[in-house]
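One letter stands for each residue in the lines below.
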Amino acid sequence: MGLLSKKDSKLILDPLADNNPITIQVLGICSALAITAQLKPSIVMAISVVFVLSVGNVVISLMRNIIPSKIRIIVQLIVVATLVIIVDQVLKAFAYSLSKELSVFIGLIITNCIIMGRFEAFALANKPWPSFLDGIGNAAGYGLILIIVGFFRELLGSGTLFGFKVLGDSVEKTGLYAIGYENNGFMVLPPMALIVVGLIIWVQRSRNKELIED
Amino acid sequence: MAIDTDKNSYTIIFAIVMVLVVGSILAGLASGLKPLVDANKRFEKQQNILYAMGINANEGTSDVAFISTDKVEDEFTSTITKQYVIEGTKVSEDSEAYLIDIKKEEAKAKDPSYTRKLPLFEGEKDGQPIYVIPIRGKGLWDAIWGFVAVDKSMTVQGVFFDHAGETPGLGAEIKQRYFMDDFAGEHLLNDAGVYGGINVAKGNADPKNERKDDNAVDAIAGATITGDGVTAMIKKDLKMYVPYFKTLN
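Protein sequence lines, in the order shown, are assigned to chains A and B. By the numbering used here, the letter at position 197 of the first sequence is numbered 197, and the numbering carries on one by one without gaps. By the numbering used here, the letter at position 216 of the second sequence is numbered 216, and the numbering carries on one by one without gaps.
These are computed hints drawn from the structure, not numbers from a lab. Incorrect hints may have been included.
What the hints assert, rightly or not - Stretch by stretch, here's where chain A covers chain B in the computed footprint (C-beta under 8 angstroms, at least three residues):
1) 11 to 17
2) 31 to 39
3) 163 to 173
Source: prediction; values computed, not measured. Even glycine gets a Cβ: it sits at the ideal position worked out from N, Cα and C.
Between the sequences and the hints, there should be enough to build the whole structure, so can you do that?
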């Protein structure tokens with residue numbers, strides 16, 4: 001037997017594709033619109049969400065029997081906010097330049113509905129280990145879509161990846177620009193993120209007919 | 001015995017304990033890390049001032065690169081020979097002028113009886129004195145700030161801009177080299193010696209910014225309000241130094 005039982009690996013693999021938080025559950029769209037204009041912040045956001053969601057899920061799961069149901073949403077919010085502040089402070093002290101680049105995005109994690117959604121739907125009713133795996137799986141599923149969207153938006157919108165000019169120089173007219181290609185300015189605007197997410201949903205559902213709702 | 005988690009008294013006690021626990025964790029963390037965070041902020045300011053003067057680790061067309069944090073303190077003290085505080089017409093030297101918080105000064109200056117402290121840093125490059133001036137303004141979402149290095153005639157030698165929360169890919173591009181490099185060589189005073197600032201101009205038919213005397217640099221497409229913010233902060237903050245530069249010439 002491997003490290004994970006069949007049930008455990010399902011917790012991780014399901015949210016990557018057939019139960020993806022963005023494309024199937026349609027959660028976490030707002031941050032996907034806000035930060036995917038470039039690839040680097042998308043990746044950083046993905047990593048931060050993996051940390052916050054997996055640790056947060058474990059904390060909520062450990063407290064699941066003592067949380068008063070009347071204030072459970074507030075308790076969940078406090079847990080997310082605390083974790084986010086810890087991440088932010090530690091980065092500020094030990095990786096200052098990185099923290100400057102991320103500060104806005106780290107703050108955005110608090111408003112990420114996937115996190116509250118997983119606390120509410122999974123961690124409140126399950127033991128810590130499955131909750132941890134569920135957190136990793138869902139955050140990774142979210143991150144995967146973020147990275148795909150960030151990749152296309154940065155490539156087509158700015159002609160760069162991680163800031164490197166991969167399509168040639170738009171001012172000097174080299175590379176693809178020499179044969180008449182122009183950067184698509186729409187790609188850097190938030191609405192295009194929604195359209196790219198829509199295209200991913202389209203592709204995913206046309207490949208797996210079971211996902212189509214009647 | 002199972003606890004009755006629905007009772008009001010339990011809910012209140014739980015909330016109080018939770019707030020106390022979370023509060024002490026965060027307070028402990030914040031005060032424990034404060035010296036490190038403060039040192040990082042000080043180094044950053046020094047790096048930014050040096051960057052505006054053209055002392056940086058940029059290579060070719062790479063991204064913005066500062067000189068490394070372990071060298072910045074020495075480099076700063078050897079390059080910035082004098083630091084001044086300008087209060088009205090009085091100019092005094094102060095070796096810690098770079099620590100003046102210009103945000104607080106701006107707020108205090110709303111009281112008309114207060115004379116605002118303006119920090120100014122003097123260094124030398126290629127035998128010429130260079131002056132670095134801190135500026136601060138508003139972008140689209142949050143504060144933007146920067147440092148402008150000028151020579152005696154108020155011709156820009158280099159700039160550094162930063163922001164707290166502009167849109168990635170749009171307004172956040174003000175801290176990219178292609179934008180900041182455009183400012184070098186621009187004149188802040190026009191031919192008649194009147195202060196004109198620098199406009200971040202849309203549809204400036206000069207995309208490579210070859211004309212340096214038009215008081216304009218090319219804007220970032222789609223980032224109108226951040227660009228206007230840069231124009232405004234240059235106009236407002238650098239203007240206060242004009243009387244001092246008049247006395248130099």
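Each hint tested on the structure:
no.	hint	verdict
1	11 to 17	holds (count 3)
2	31 to 39	holds (count 3)
3	163 to 173	holds (count 6)
Comparing the model with each numbered hint stated earlier shows that all of them hold.
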